[in-house]
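> Protein chains in written order, with our numbering: chain F, 1 to 122; chain V, 1 to 122; chain Y, 1 to 122; chain P, 1 to 122.
Hints in this document: simulated from the structure, not taken from any laboratory. Incorrect hints may appear among the rest.
Stated by the list, open to error - Only pairs whose alpha carbons sit at most 27 angstroms apart, straight line, appear in this in silico BS3-like list of lysine-lysine:
id: 1; chain 1: V; residue 1: Lys-97; chain 2: F; residue 2: Lys-11
id: 2; chain 1: P; residue 1: Lys-93; chain 2: F; residue 2: Lys-52
id: 3; chain 1: P; residue 1: Lys-52; chain 2: P; residue 2: Lys-93
id: 4; chain 1: F; residue 1: Lys-52; chain 2: P; residue 2: Lys-75
id: 5; chain 1: F; residue 1: Lys-101; chain 2: V; residue 2: Lys-101
id: 6; chain 1: Y; residue 1: Lys-75; chain 2: F; residue 2: Lys-75
id: 7; chain 1: F; residue 1: Lys-11; chain 2: V; residue 2: Lys-99
id: 8; chain 1: Y; residue 1: Lys-101; chain 2: P; residue 2: Lys-101
4 protein chains.
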Amino acid sequence: MDIMNEEDYFKNLTDRERAIFEGGISMGALFHQFVGTPVSVDTASSLEEAIKKSILLQPAVIDVSVKLNRNLIEKCSGVMGYTSLTGEMLSIKLTTKIKEKTITTCISYDENLQYPIMYIED
Amino acid sequence: MDIMNEEDYFKNLTDRERAIFEGGISMGALFHQFVGTPVSVDTASSLEEAIKKSILLQPAVIDVSVKLNRNLIEKCSGVMGYTSLTGEMLSIKLTTKIKEKTITTCISYDENLQYPIMYIED
Amino acid sequence: MDIMNEEDYFKNLTDRERAIFEGGISMGALFHQFVGTPVSVDTASSLEEAIKKSILLQPAVIDVSVKLNRNLIEKCSGVMGYTSLTGEMLSIKLTTKIKEKTITTCISYDENLQYPIMYIED
Amino acid sequence: MDIMNEEDYFKNLTDRERAIFEGGISMGALFHQFVGTPVSVDTASSLEEAIKKSILLQPAVIDVSVKLNRNLIEKCSGVMGYTSLTGEMLSIKLTTKIKEKTITTCISYDENLQYPIMYIED
Numbered sequence: 001m002d003i004m005n006e007e008d009y010f011k012n013l014t015d016r017e018r019a020i021f022e023g024g025i026s027m028g029a030l031f032h033q034f035v036g037t038p039v040s041v042d043t044a045s046s047l048e049e050a051i052k053k054s055i056l057l058q059p060a061v062i063d064v065s066v067k068l069n070r071n072l073i074e075k076c077s078g079v080m081g082y083t084s085l086t087g088e089m090l091s092i093k094l095t096t097k098i099k100e101k102t103i104t105t106c107i108s109y110d111e112n113l114q115y116p117i118m119y120i121e122d
Numbered sequence: 001m002d003i004m005n006e007e008d009y010f011k012n013l014t015d016r017e018r019a020i021f022e023g024g025i026s027m028g029a030l031f032h033q034f035v036g037t038p039v040s041v042d043t044a045s046s047l048e049e050a051i052k053k054s055i056l057l058q059p060a061v062i063d064v065s066v067k068l069n070r071n072l073i074e075k076c077s078g079v080m081g082y083t084s085l086t087g088e089m090l091s092i093k094l095t096t097k098i099k100e101k102t103i104t105t106c107i108s109y110d111e112n113l114q115y116p117i118m119y120i121e122d
Numbered sequence: 001m002d003i004m005n006e007e008d009y010f011k012n013l014t015d016r017e018r019a020i021f022e023g024g025i026s027m028g029a030l031f032h033q034f035v036g037t038p039v040s041v042d043t044a045s046s047l048e049e050a051i052k053k054s055i056l057l058q059p060a061v062i063d064v065s066v067k068l069n070r071n072l073i074e075k076c077s078g079v080m081g082y083t084s085l086t087g088e089m090l091s092i093k094l095t096t097k098i099k100e101k102t103i104t105t106c107i108s109y110d111e112n113l114q115y116p117i118m119y120i121e122d
Numbered sequence: 001m002d003i004m005n006e007e008d009y010f011k012n013l014t015d016r017e018r019a020i021f022e023g024g025i026s027m028g029a030l031f032h033q034f035v036g037t038p039v040s041v042d043t044a045s046s047l048e049e050a051i052k053k054s055i056l057l058q059p060a061v062i063d064v065s066v067k068l069n070r071n072l073i074e075k076c077s078g079v080m081g082y083t084s085l086t087g088e089m090l091s092i093k094l095t096t097k098i099k100e101k102t103i104t105t106c107i108s109y110d111e112n113l114q115y116p117i118m119y120i121e122d
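Model the full assembly from the supplied sequences, consistent with the hints where possible.
So this is what it looks like as structure tokens:
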């Protein structure tokens with residue numbers, strides 16, 4: 001096989017499709033990388049920052065906003081003073097851009113579905 | 001907000017776009033969930049099976065093929081007899097389907113990029 | 001520094017202390033490796049097997065018993081049909097042995113502490 | 001069963017043994033939580049800080065020092081500009097204390113063993 005550049009892998013996608021693909025990858029990545037991390041109300045900011053910086057490294061990601069639910073962290077912490085990060089605690093938006101196409105991928109917890117759903121914002 | 005079904009979140013995507021999105025999520029998810037797992041040539045099959053079964057649970061995923069690179073696992077194992085799973089060891093294809101649209105998402109290691117690249121197969 | 005064998009690192013521990021140390025490492029390892037994995041009642045057995053086989057690779061581990069709480073998996077699964085593995089779902093015992101000293105390390109969820117506690121069984 | 005305090009679980013261990021146990025748990029935990037995280041030379045400090053703060057939450061941990069190997073991160077980054085954190089990149093010491101007993105648990109990469117070894121410092 002000839003040597004390929006990164007771009008060569010994506011000739012079969014439109015710019016919008018690739019921005020959607022990269023948004024999905026990065027959201028799936030951060031969920032499964034960071035769920036389980038020990039966290040308390042006091043360390044939530046540091047963890048938000050590390051999640052943000054690590055995901056900004058991923059292809060096409062140009063902006064990331066991470067909010068961990070401190071009320072839920074507090075409620076789950078019990079007498080040990082901390083808990084493990086769960087998907088229910090995540091409110092995250094990340095923006096991916098391919099040329100002129102910009103996509104915002106979100107995760108938020110849907111109580112009805114009992115599920116941290118990932119979707120594309122209009 | 002009204003109670004939403006899962007489908008309501010995806011009205012702004014075509015079936016193809018959603019299949020691409022779900023493929024990206026599931027590939028990002030499995031990479032970051034399983035990288036780091038202790039693995040040897042002898043346990044590679046069991047880990048392949050667990051990866052496959054867990055990813056088949058994800059939305060829209062209808063087929064998963066997982067091959068871990070036993071030569072690389074062997075080479076990395078050293079005197080301890082096992083190693084930690086890395087992205088370089090992964091060859092995975094997963095198929096997502098939304099109505100009539102089917103998409104195959106792949107990961108394979110690109111030596112030139114020094115990177116386990118995720119892409120959509122034609 | 002001279003070339004060291006694995007054993008050389010542990011000259012400052014008794015056999016019992018090292019068995020305790022290795023039990024702690026392996027229990028911490030499996031918790032943080034596998035929490036977050038997609039799981040359903042149907043895939044629980046496959047995941048139990050993969051956890052068991054991967055942890056048996058770790059130094060000094062000679063036996064592992066893994067039970068995932070299917071009632072809790074069922075309860076958390078909701079309309080999506082699966083959930084993410086949490087520490088609350090884990091009942092695990094692992095046995096480490098250094099020469100004649102054998103230690104059993106456990107994890108089980110303590111409702112009072114709201115915490116999946118790791119301890120050494122008598 | 002009667003309601004137990006955290007301390008009740010550890011009546012069968014000396015203070016030194018429990019400090020060793022907690023050191024093992026926390027080192028195993030951080031390895032398997034953070035290996036796989038996207039990291040570059042520029043984000044290494046943020047990740048070091050998040051690892052440190054999260055592990056300080058764990059029982060008995062009173063001090064943590066985290067150094068990620070920037071030379072190795074640089075070397076592995078390739079044209080994509082970042083890489084995934086591996087065990088080879090970790091130099092970490094954590095101190096656990098139970099009453100008067102203090103233990104320092106370390107991880108560092110041993111080239112001869114091809115293995116990121118965890119041990120107790122004298």
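> Does each hint hold? Answer for all of them.
For each hint, the structure was consulted:
1. V/Lys-97 x F/Lys-11: Distance ~21 angstroms between V/Lys-97 and F/Lys-11 Cα, so the pair holds.
2. P/Lys-93 x F/Lys-52: Given pair P/Lys-93, F/Lys-52 holds - Cα atoms ~25 angstroms apart, limit 27 angstroms.
3. P/Lys-52 x P/Lys-93: holds (10 angstroms)
4. F/Lys-52 x P/Lys-75: holds (23 angstroms)
5. F/Lys-101 x V/Lys-101: holds (22 angstroms)
6. Y/Lys-75 x F/Lys-75: holds (20 angstroms)
7. F/Lys-11 x V/Lys-99: It holds: about 24 angstroms lies between the C-alpha atoms, which stays within 27 angstroms.
8. Y/Lys-101 x P/Lys-101: holds (22 angstroms)
The structure shown violates none of the earlier numbered hints.
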